[in-house]
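> Please build the complex by placing chain Z on the supplied structure of chain B, with the hints as guidance.
Residue numbers (my numbering), protein chains in the order written: chain B, 1 to 417; chain Z, 1001 to 1417.
What the hints contain is simulated information worked out from the structure, not anything from laboratory work.
Heads up, the beta-carbon is just placed ideally off N, CA and C, and yes, glycines get one too.
Treat each hint with caution, since some may be false.
[Said to hold, decoys possible] With a Cα cut of at most 25 Å, we get these calculated DMTMM-like pairs of lysine to aspartate or glutamate: (1) Lys233/B / Glu1251/Z; (2) Lys1017/Z / Glu1381/Z; (3) Lys1233/Z / Asp256/B; (4) Lys146/B / Glu322/B; (5) Lys1233/Z / Glu250/B; (6) Lys233/B / Glu1250/Z; (7) Lys233/B / Asp1256/Z; (8) Lys1143/Z / Glu1317/Z; (9) Lys1233/Z / Asp290/B; (10) Lys302/B / Glu250/B; (11) Lys1233/Z / Glu381/B; (12) Lys233/B / Glu279/B; (13) Lys233/B / Asp1198/Z; (14) Lys146/B / Glu109/B; (15) Lys143/B / Glu317/B; (16) Lys233/B / Asp1347/Z; (17) Lys1233/Z / Glu380/B; (18) Lys233/B / Glu1201/Z; (19) Lys233/B / Glu1257/Z; (20) Lys143/B / Glu172/B; (21) Lys1233/Z / Asp198/B; (22) Lys1233/Z / Glu201/B; (23) Lys1233/Z / Glu257/B; (24) Lys233/B / Glu1381/Z; (25) Lys1302/Z / Asp1267/Z; (26) Lys233/B / Glu1380/Z; (27) Lys1336/Z / Glu1109/Z; (28) Lys1146/Z / Asp1058/Z; (29) Lys1233/Z / Asp347/B; (30) Lys233/B / Asp1290/Z; (31) Lys10/B / Glu201/B; (32) Lys1233/Z / Glu251/B.
[Stated by the list, open to error] Computed from the model, here is a short list of chain B residues facing chain Z with C-beta under 8 Å: (33) Val276; (34) Pro277; (35) Asp285; (36) Arg335; (37) Ser377; (38) Cys379.
Number of protein chains: 2
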Amino acid sequence: MPAVSRERLKEKIDRFKTFGRTGRGGISRLSLSPPALEARAEFCRRCRALGLDVTTDDLANIYATRGGTEALPRIVTGSHLDSVVRGGCHDGTLGVLAALEVVETLVGEGVPTRHPLTVMVWTNEEGVRFPPAMMSSGVLAGKFGKEAVLAVRDADGVSFAEALRLSGYQGEERNRLNPRDCLAYLELHIEQGPVLHDAGETVGVVLGVAGMCNYTITVSGQANHAGATPMGKRRDALFAASRLICRLHEELAGLDESLVFTFGRIDCFPNLHTIVPGEVSFSLDARHQDRLVLRRVVEAIKSLPPEIESCAVRHEEAWAREPTAFAPELVEYVRKNADALGYPNRDMYSGAGHDAQYAQDMLPSAMIFVPSINGLSHCEEESTNLDDCWKGANVLLNTILDVDGSGVERFTSEPVA
Amino acid sequence: MPAVSRERLKEKIDRFKTFGRTGRGGISRLSLSPPALEARAEFCRRCRALGLDVTTDDLANIYATRGGTEALPRIVTGSHLDSVVRGGCHDGTLGVLAALEVVETLVGEGVPTRHPLTVMVWTNEEGVRFPPAMMSSGVLAGKFGKEAVLAVRDADGVSFAEALRLSGYQGEERNRLNPRDCLAYLELHIEQGPVLHDAGETVGVVLGVAGMCNYTITVSGQANHAGATPMGKRRDALFAASRLICRLHEELAGLDESLVFTFGRIDCFPNLHTIVPGEVSFSLDARHQDRLVLRRVVEAIKSLPPEIESCAVRHEEAWAREPTAFAPELVEYVRKNADALGYPNRDMYSGAGHDAQYAQDMLPSAMIFVPSINGLSHCEEESTNLDDCWKGANVLLNTILDVDGSGVERFTSEPVA
Chain B
1 MPAVSRERLK
11 EKIDRFKTFG
21 RTGRGGISRL
31 SLSPPALEAR
41 AEFCRRCRAL
51 GLDVTTDDLA
61 NIYATRGGTE
71 ALPRIVTGSH
81 LDSVVRGGCH
91 DGTLGVLAAL
101 EVVETLVGEG
111 VPTRHPLTVM
121 VWTNEEGVRF
131 PPAMMSSGVL
141 AGKFGKEAVL
151 AVRDADGVSF
161 AEALRLSGYQ
171 GEERNRLNPR
181 DCLAYLELHI
191 EQGPVLHDAG
201 ETVGVVLGVA
211 GMCNYTITVS
221 GQANHAGATP
231 MGKRRDALFA
241 ASRLICRLHE
251 ELAGLDESLV
261 FTFGRIDCFP
271 NLHTIVPGEV
281 SFSLDARHQD
291 RLVLRRVVEA
301 IKSLPPEIES
311 CAVRHEEAWA
321 REPTAFAPEL
331 VEYVRKNADA
341 LGYPNRDMYS
351 GAGHDAQYAQ
361 DMLPSAMIFV
371 PSINGLSHCE
381 EESTNLDDCW
391 KGANVLLNTI
401 LDVDGSGVER
411 FTSEPVA
Chain Z
1001 MPAVSRERLK
1011 EKIDRFKTFG
1021 RTGRGGISRL
1031 SLSPPALEAR
1041 AEFCRRCRAL
1051 GLDVTTDDLA
1061 NIYATRGGTE
1071 ALPRIVTGSH
1081 LDSVVRGGCH
1091 DGTLGVLAAL
1101 EVVETLVGEG
1111 VPTRHPLTVM
1121 VWTNEEGVRF
1131 PPAMMSSGVL
1141 AGKFGKEAVL
1151 AVRDADGVSF
1161 AEALRLSGYQ
1171 GEERNRLNPR
1181 DCLAYLELHI
1191 EQGPVLHDAG
1201 ETVGVVLGVA
1211 GMCNYTITVS
1221 GQANHAGATP
1231 MGKRRDALFA
1241 ASRLICRLHE
1251 ELAGLDESLV
1261 FTFGRIDCFP
1271 NLHTIVPGEV
1281 SFSLDARHQD
1291 RLVLRRVVEA
1301 IKSLPPEIES
1311 CAVRHEEAWA
1321 REPTAFAPEL
1331 VEYVRKNADA
1341 LGYPNRDMYS
1351 GAGHDAQYAQ
1361 DMLPSAMIFV
1371 PSINGLSHCE
1381 EESTNLDDCW
1391 KGANVLLNTI
1401 LDVDGSGVER
1411 FTSEPVA
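So that you can see chain B by itself, here it is in the shape it has in the complex (with noise of 0.2 Å):
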């Protein structure tokens, strides 16, 4: 069967891992920043290079095509280039090297495709320097206003309209990604989590992506002395907020094996060893497949007493997200070509966001994943065996090669009952 390079793999992975490397393994690569851009500039000059066409949409998501051989809809890949702070070199990065790789090998084997074939770089992915997360693909499919995500600043007061503007990637609407011109979106990405891993397996067959419900808890006491205010007499927002985590915890953890959920970030005012904690807010973050168990989790934070250790507890939605299945078509090319390369593999959803859960909103997507090792991701370790990334890319060129081939003219986009 057709594979890419392990060696132009390796180099392009190891070139992109100096923009915004930071001295530890690991990479800073906000959205837009100098490093970013450098990234992009490199991505381009390599497209250019093997003689694709690059524009880029009003948005600065660059699409750089290699033509078909008939008058197709095109076949999109990609991914991201931006990273989270002190992030690690194949989240996202992987997806849009290893799709510029399976263009590098078609072109330099002289295979031609029926369909265009177009590598993606999607902007902000990650969201950290302009919330939210996925920002691009959301405008695009109609998650965002426009107008809401250009107005977003950093931290430093630039907006991302600016960012945009400075960049020296902003093209033209018309531009973006044309759900009715395009076949089918295909993304390799890292898995982030440590399940292929920890079965020693290659290859994740990506059946869709978890819904979510995020939620702010915010447990109100009274701010007073540490020393001057005896213990019976105290609202002490921490130690109830620290009682509620464990509580929901204990709920939480009985409504579905498979449902994640995390306190992530706990802030607490006015955070004095000497001040008894008057004001806790905490995050709640539940992720699963079926709506029905984000149901629960929400009716349990819903459940929740109106006063805990004297303090008022009051919940608001941060944001939710419906679940997303990929296009069943598209995962049976992924798991068939998994299976016919000889590469262990498994079913699985994602539990982190990606820009293919709002392609798939537009036309029918899939994704494969490769193994994060030691599960570890969003910090300076997360790492991937350029084995497994040079075999999710084969993984990768075979599927597109299947979708090019296969003379459908429209893939089913509504999962099988």
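Chain Z in isolation, oriented as in the chain B frame:
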């Protein structure tokens, strides 16, 4: 019995509320900041107008002295004029203004004292701009090294040494409070807790200051993706910390009913809703008048398991302070005068630290508490009724007169068994 002027005391309190006023009922008057220097200038102006001799020492502590009729050691009374950020108008300031009002009463009524009487303003009691708290009294008592505190920098990088130099209040080291030349130190202060207010009492006869221990407890897990990490594979530092806080709370609550303990500060890394927390540290502050009870707190901390919820637990002592017992004969004068004036009062310990506790390390000392409305302190809602301020000042006046007339050459510093 002699009494101070309620109207003059009100005028003083109202005037000093203006220095650093926030517009929401409180003050922000960080040590040696422009509003703190305005308050000092007004204090010195008023002292000089009363004919007092004003000197300052190398730490900018202010001493305003009215001479006595005999060659005897001085009686010292005072407190501090600095505040926390958005603090109250009575914390510290009341003790300075009541002392000033006592002298103004004696001057106004032509009542001489045998002993010189010194009104003192301690520099940087709060320790908010330059930690630690009670910095200057601590240096005089030998608790902190002078070089070390001079090097402490505020959030803008200004050192305490520079702030002292720029203040215009830095005097000679030889002007420092000299214990051999002092008979007693007395300090009126707001309670900063709810005990007197809730009991409807007017005066707290302060037996001493609780000892304290302060630990930082750190829980180390593994930061990871909130969506991609199955529950069973997590090492969630915030969940572990929440369980630890609940467990310690239960254990410490059983030790002694007058023990107070606070988890006041919590820091979570990376503190993002979409990341499983990798490291959480929190503070534990515990206070009690009996060092044996504090020892049991330390034992509980040292008995923590090395691991909880797969996260490593470590603890580090941040600081500790031995309990202080005030001079019993001075405490008895306070109690006797509160009784004689018909003010409902109770014996109590201070859970908050005060300059008086370091003064007690140098010379026989005592404190008088007045109620904090609703027990609030270190916040803009902090307040004390004028009537209670006035009554506290009357106890101070009569206690000073008792000390002055006692004929005692040296009070006992050790607690009676």
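> Give a verdict on every hint.
Here is what the structure says about each hint:
1. Lys233/B / Glu1251/Z: holds (18 Å)
2. Lys1017/Z / Glu1381/Z: Holds: Lys1017/Z and Glu1381/Z sit about 13 Å apart, inside 25 Å.
3. Lys1233/Z / Asp256/B: OK: Lys1233/Z and Asp256/B at ~16 Å, within 25 Å.
4. Lys146/B / Glu322/B: holds (21 Å)
5. Lys1233/Z / Glu250/B: With Cα atoms ~16 Å apart, Lys1233/Z and Glu250/B stay inside 25 Å; holds.
6. Lys233/B / Glu1250/Z: holds (16 Å)
7. Lys233/B / Asp1256/Z: Satisfied, since the Cα-Cα distance of roughly 16 Å is no more than 25 Å.
8. Lys1143/Z / Glu1317/Z: Distance ~17 Å between Lys1143/Z and Glu1317/Z Cα, so the pair holds.
9. Lys1233/Z / Asp290/B: holds (21 Å)
10. Lys302/B / Glu250/B: Holds: Lys302/B and Glu250/B sit about 16 Å apart, inside 25 Å.
11. Lys1233/Z / Glu381/B: Roughly 17 Å between the alpha carbons, so the hint for Lys1233/Z and Glu381/B holds.
12. Lys233/B / Glu279/B: holds (16 Å)
13. Lys233/B / Asp1198/Z: Within the cut-off at roughly 10 Å; holds.
14. Lys146/B / Glu109/B: violated (41 Å)
15. Lys143/B / Glu317/B: holds (17 Å)
16. Lys233/B / Asp1347/Z: holds (19 Å)
17. Lys1233/Z / Glu380/B: holds (19 Å)
18. Lys233/B / Glu1201/Z: holds (17 Å)
19. Lys233/B / Glu1257/Z: Judged against 25 Å, a Cα distance of about 12 Å means the pair holds.
20. Lys143/B / Glu172/B: holds (20 Å)
21. Lys1233/Z / Asp198/B: Holds, because 10 Å separates the two Cα atoms, which is no more than 25 Å.
22. Lys1233/Z / Glu201/B: Roughly 17 Å separates the two Cα atoms, so the pair holds.
23. Lys1233/Z / Glu257/B: At roughly 12 Å apart (the allowed maximum being 25 Å), Glu257/B and Lys1233/Z satisfy the hint.
24. Lys233/B / Glu1381/Z: holds (17 Å)
25. Lys1302/Z / Asp1267/Z: holds (21 Å)
26. Lys233/B / Glu1380/Z: Holds. Lys233/B to Glu1380/Z sits at ~19 Å (cutoff 25 Å).
27. Lys1336/Z / Glu1109/Z: Holds - the C-alpha atoms of Glu1109/Z and Lys1336/Z are around 23 Å apart, at most 25 Å.
28. Lys1146/Z / Asp1058/Z: holds (10 Å)
29. Lys1233/Z / Asp347/B: It holds: about 19 Å lies between the C-alpha atoms, which stays within 25 Å.
30. Lys233/B / Asp1290/Z: Between Lys233/B and Asp1290/Z the Cα gap is close to 21 Å, so the pair holds against 25 Å.
31. Lys10/B / Glu201/B: At roughly 21 Å apart (the allowed maximum being 25 Å), Glu201/B and Lys10/B satisfy the hint.
32. Lys1233/Z / Glu251/B: This hinted pair holds, its Cα atoms lying about 18 Å apart.
33. Val276: holds (5 Å)
34. Pro277: holds (6 Å)
35. Asp285: holds (5 Å)
36. Arg335: violated (20 Å)
37. Ser377: holds (5 Å)
38. Cys379: Holds: closest Cβ of chain Z sits about 6 Å from Cys379/B, inside 8 Å.
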